[in-house]
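Asker: Each chain is listed here by its residues.
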Amino acid sequence: MNVLFDVNQLRLISPELLLALSAVLVLGLGTLKDATVTKWIPGLSILACVLTLAALLAYPWRLGLAELRVPDMTIGFNGMFILDAFSVFFKVVFLIAAILTILVSTRYLALERVPSAEYHALVLFSVVAMMFMASAGDFVTLFVSLETMALCFYVLVGYLRSNRKSNEAALKYFLLGSFSSGIFLYGVSLVYATTGTTNLGLIGASRSVTALGSGMAPIFLMGVILVTVGLGFKIAAVPFHMWVPDAYEGAPTPVTAFLSTGSKAAAFVVLARVFTTSFSRVGHEWALLLAILAVASMTLGNVAAILQDNVKRMLAYSSIAHAGYVLMGLVVAGLGGSVETREWGLQAVILYLLIYTFVNIGAFALVIMLRQENVVGDRMTDFAGLSRRAPLAAFAMLVFMLSLAGIPATAGFVGKWYLFGAAVKADYTWLAVVAVINSAISLYYYARIVVMMYMREPEDDRRLAGSLGQRVALTACIAFTLFFGIFPQPILRFARTSVLALAPWKT
Amino acid sequence: MLQWYFDHILTIVTFLPLAGALALLLLPKERTRLFIHGATWIALLDFFLSVPLFFAFDTGRGGFQFEQKVSWIPSIGAQYYVGIDGISLLLLLLTTFLGFIAILSSWTAITDRVKEYYVFMLALQTGMLGVFISLDFFLFYVFWEAMLVPMYFLIGIWGGPRKLYAAIKFFLYTLLGSVLMLLGILALYFYYPRIAGGVGSFDIPEFIRVLGPLRNPEWLDMQKWVFLAFFVGFAIKVPMFPFHTWLPDAHVEAPTAGSVILAGVLLKMGTYGFVRFSLPMLPDATRHYLPYMLALSVIGIIYGALVAMVQKDWKKLVAYSSVSHLGFCMLGIFALNVAGIQGGVLQMINHGLSTGALFLIVGLIYERRHTRMIAEYGGLSKQMPVYATLFMIIMLSSIGLPALNGFIGEFTILVGAFDIPRQYGFSFPWLGGLHIGGKFWAVCGALGIVLGAAYMLWLYQRTMFGKLDNPENAKLKDLDFREVMTLLPIVACCVWIGLYPKPMFDILRAPVTEMVQRMESSRTTELAEAQAGVAARDRGMPGAGPEEAAAR
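If you read the protein sequences in the order shown, they are chains A and B. FYI, this note's numbering numbers position 57 of the first sequence as 57, with every residue one higher than the one before it. FYI, this note's numbering numbers position 266 of the second sequence as 773, with every residue one higher than the one before it.
Worth double-checking, as some hints may not be accurate.
Unchecked claim - So, partial list: chain B residues that the calculated Cβ filter (under 8 Å) puts toward chain A:
| # | residue |
| --- | --- |
| 1 | VAL577 |
| 2 | ILE580 |
| 3 | VAL649 |
| 4 | PHE660 |
| 5 | GLY663 |
| 6 | ILE664 |
| 7 | LEU671 |
| 8 | ILE675 |
| 9 | PHE678 |
| 10 | MET992 |
Simulated from the structure, these hints should not be mistaken for laboratory data. Just so you know, even glycine gets a beta-carbon here, dropped at the ideal spot from N, CA and C.
Looking at chain A on its own, in the form it has when it is part of the complex (with noise of 0.2 Å):
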């Protein structure tokens, strides 16, 4: 474990490897500026995805799953790289979430008039950081991909440079984003301060028991609540929440799709990480922060969302409910008196995020596809009518705005029932009383697109011209949704494997 550098733990990084390469390499393929070339890149990426997901899979396959829960056996670069199962999960969301992203957008970048290299580069860069994100071991790796990942996504929310809003969008991001960074990293300081060291398995394990038996406890908490705004902001949990609404409206469509998903989730998977890892002495502590920010956010964020006239506002609001919701599970796995709570908890989180991955991006997917020549797309009067003009859309967008209300044989049900049960199981149950009337007061703003899909007359008789990409990202995404939320056995199954994986309470 002495050696400095080990060429054959690469072995360990190699998906991430892989997609970083195709990433330079789509970055060199556009500065051809050759259209028969730049036309084949989409392609290229998801294929670069494909690929390294099949890598990603290989690993374990090999291995066997089973054998991912032996942490001697994946930990690498001296425990700042760990592969285990809970970080497969979790990169596996993230090349699915990348993969709809690109087929999303296929015919938006056109229509928008940007280049397209670039974007496909800084998509797949992000996936690469968001990859090093859920496999992090120490606050050093772990601060460098989120800041990785955070750049690439500076960028593209303001990728519409002549779009006056998109550059609003990116400011304010950058700024917020910034700052958030900064304190995070002050928190880690402030760990490291108490603790000596930044490895997140080292701080979890012996060190913090002598930090917090000394005179440094405060401190160490204090580092825990930096830790927990820095990351807040990320996953836009209220009070961070302000960059959200703005950020989402103006950054081009299957950005805000992508960051509503994959971003949150690669926060996520940093505060399941951290929290359960390195912090899970003070459980109880951060759990009451966490369970006062997933009120906040899912009261704030679906009163809000009831008031928006923009589809893409609207879905920022949700998207910190969801946030909300989301924080629910997590405040389970802090605080939950056995390790079966515990594991449901996270459970819960980790198969919401899967769930709503495929959900929000379907939803986002049918406001690019309402992006026409002269039309953005993004208001609610544009749904006017939708189960006229093209009903398998509308139908789609039903399923997608019924699933994030959590109504039963959609996937957002059986996530959402994972999460109220982790709050009544851990005897939390004013918590679950929140989340559950939040829950149908969310069904307001959904059923007002529903209602001006089905029972509104359309404007015009404009039909939707969705690209194949387009129309295969629907496809997957309505899929998953029904069957999953019929039949859920298997992402069940999935969820449960990798949680297993990261159970530190265990040992």
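Given the structure of chain A, go ahead and fit chain B onto it with the hints provided.
Answerer: Same frame as chain A, but now just chain B:
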């Protein structure tokens, strides 16, 4: 073949409409006649497929029959587990019957977006049937909530002028109740393994068997919370006073067939929930909250009747009469004795038939005149004798005239209600020891019948009798064959139940007796424990009674 059919009959009957809806989806939407006939035939076929249940059902046997159990989501212990007892059998038959009638009644009423309409009607049918046959809580919840979606569309697309408001109010109101009920289900789900061991389960018969008689202080305390969670879900659906405000809006704005289904079947889900879950699973909490339940039922009866009396809108009058009649069902169910529960369940069927028919009556005249104001009508019996005759029979059934079904139900409920023990009531020591309870509830119920007769007869008088003074009404055509056929089967059922209700009572006897016995046995244990506690206190042994144990 026949054996296979009976093994899967519930699944076939439940999912046939959904399969039909999916098949209709594939057809081009211009061929409207195809959808009308297709949906009608599917609904009729579904009804005929469900009829053998009535004959094959073994009335002597308690427990559930025609059971089918398939593993569904092993990770959480959810199963596809269906089966029926006498109570669900009657409701299932009512659903297939009214489902057909409702579709038959929409032939001419629905001219816009025909394809979607029939698809939603058939999907709704599957959802409702699923609720009544589910014996797995997870499955039950899926049907319970998924069913709201087609109903929301039926009101929202084909409804009256305020349809959007009514539709979202209906959806939000019922969803709020259901999600709170979901918390109750989750609480049971996590509590059950602590008692019975193993991983979680949603098995309803097991819950009843294990949790019903359980006398553990922690559970007795928890029961009360679970009861309240269930209560919100079911009471909104019934609807019990004061949760009824969504009902007048939804009923009035819904298209005729929607109102028929709403009044005939949807409301029954609430009462069914109380009978199936609250009473047998949470007997102690039920008794604990009984005075409040009885009071709300009685308030519903009287309040619904009084508000119905002052309505100017024909359909709204019928809607408020539902509040009153459902209060009756609740009164019978919360009498907690055999007669009361039997009457309550039978009255659910009766109300489904007679109020469903009343909505059809309103719908038929609305289709002709496009107004529901009672003042617009008068003397219709001269112009439309067939219509007036059928309306009269149904109106008399609704007010409980002997020889018609309403009488049987209301009479049995009152028999049960007179047996409510005196202790289930409210005492007011500062009013000279006034005690409201026991027979008082039955007296209020009887008063409700009188009021019911008043508003119904008055409605009939104002619309059917008198001079035909509105020239618009002079041109009205009487019912054609199809329209008669929508009402005639209902009238036949009303007369059948009114003259010979024995088959119904036979079907209900076994499950109801079983339920009452369970509740009685848990009550005797409670009494014995209470006495033991008192005795222990008397002997000066602190903390031996169940109350103290719970407090600790």
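Asker: Against each hint, give a clear statement of whether it holds in the structure.
Answerer: Evaluation of the provided hints:
1. The beta carbon of VAL577 of chain B is not positioned within 8 Å of any beta carbon in chain A (closest approach about 12 Å), and the interface hint is therefore violated.
2. Given the 8 Å rule on beta carbons, the hint for ILE580 of chain B holds: about 5 Å separates it from the nearest Cβ of chain A.
3. Against a cut-off of 8 Å between C-beta atoms, the interface hint on VAL649 of chain B holds, since the closest Cβ of chain A lies about 4 Å away.
4. Interface hint at PHE660 of chain B: satisfied, since its Cβ lies 7 Å from the closest Cβ of chain A, which is below the 8 Å cut-off.
5. Interface hint status for GLY663 of chain B: upheld, as the beta-carbon distance to the closest one in chain A is roughly 5 Å, under 8 Å.
6. With its C-beta approaching chain A no nearer than about 6 Å, ILE664 of chain B sits inside the 8 Å limit, and its interface hint holds.
7. Using the Cβ-Cβ criterion of 8 Å, the hint placing LEU671 of chain B at the interface with chain A is satisfied: the shortest such distance is roughly 6 Å.
8. Given hint, ILE675 of chain B at the interface with chain A, holds; its Cβ is 6 Å from that chain's nearest Cβ, closer than 8 Å.
9. Using the Cβ-Cβ criterion of 8 Å, the hint placing PHE678 of chain B at the interface with chain A is satisfied: the shortest such distance is roughly 7 Å.
10. Interface hint status for MET992 of chain B: violated, as the beta-carbon distance to the closest one in chain A is roughly 31 Å, over 8 Å.
Against the hints set out earlier in the document, violations occur for numbers 1 and 10.
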